[in-house]
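Following our numbering, the numbering of the sequence shown begins with 173 at its first residue and continues without gaps.
Just so you know, these hints were derived from the structure itself, not from any lab.
A portion of the hints provided could be inaccurate.
Have a look at the derived ranges for each label pair, beta carbon to beta carbon [said to hold, decoys possible]: (1) Thr241 x Gln207: 29 to 37 Å; (2) Arg202 x Met234: 48 to 56 Å; (3) Ser252 x Val203: 30 to 38 Å; (4) Ala224 x Leu245: 25 to 33 Å; (5) Arg202 x Asn227: 16 to 24 Å.
Beta carbons are placed, not taken as given, at the ideal position from N, Cα and C, and that holds for glycine.
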Amino acid sequence: HFEQKLSRRLVSPALVRSFSSTARNRFENRVAEKQKLFQADNDLPVHLKGGATDNILYRVTMGLCLGGTAYSLYCLGWASFPHKK
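Go ahead and model the full structure; you've got the sequences and the hints to work with.
What follows is the structure, encoded as structure tokens:
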């Protein structure tokens with residue numbers, strides 16, 4: 173539809189082709205290699221099969237979760253005892 177609308181406005185066909193096909197051809201399709209990577213039987217959990225980046229993201233996420241849990245327990249303990257005024 174986009175090509176038809178542009179060509180109706182007397183735009184050159186070469187210009188229409190350049191706008192309509194660049195987004196499709198910009199990225200290479202790597203689905204097959206990703207499937208091979210994630211379906212490999214290497215005894216790794218799926219959330220770590222992506223490599224070092226996945227490992228770093230996993231460790232940062234777990235650190236934030238554990239730190240947040242510890243801080244919330246600390247605040248709960250602090251709030252549960254009376255304070256001197």
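Against the structure, the hints come out as follows:
{"no.": "1", "hint": "Thr241 x Gln207: 29 to 37 Å", "result": "36 Å, holds"}
{"no.": "2", "hint": "Arg202 x Met234: 48 to 56 Å", "result": "28 Å, violated"}
{"no.": "3", "hint": "Ser252 x Val203: 30 to 38 Å", "result": "53 Å, violated"}
{"no.": "4", "hint": "Ala224 x Leu245: 25 to 33 Å", "result": "32 Å, holds"}
{"no.": "5", "hint": "Arg202 x Asn227: 16 to 24 Å", "result": "20 Å, holds"}
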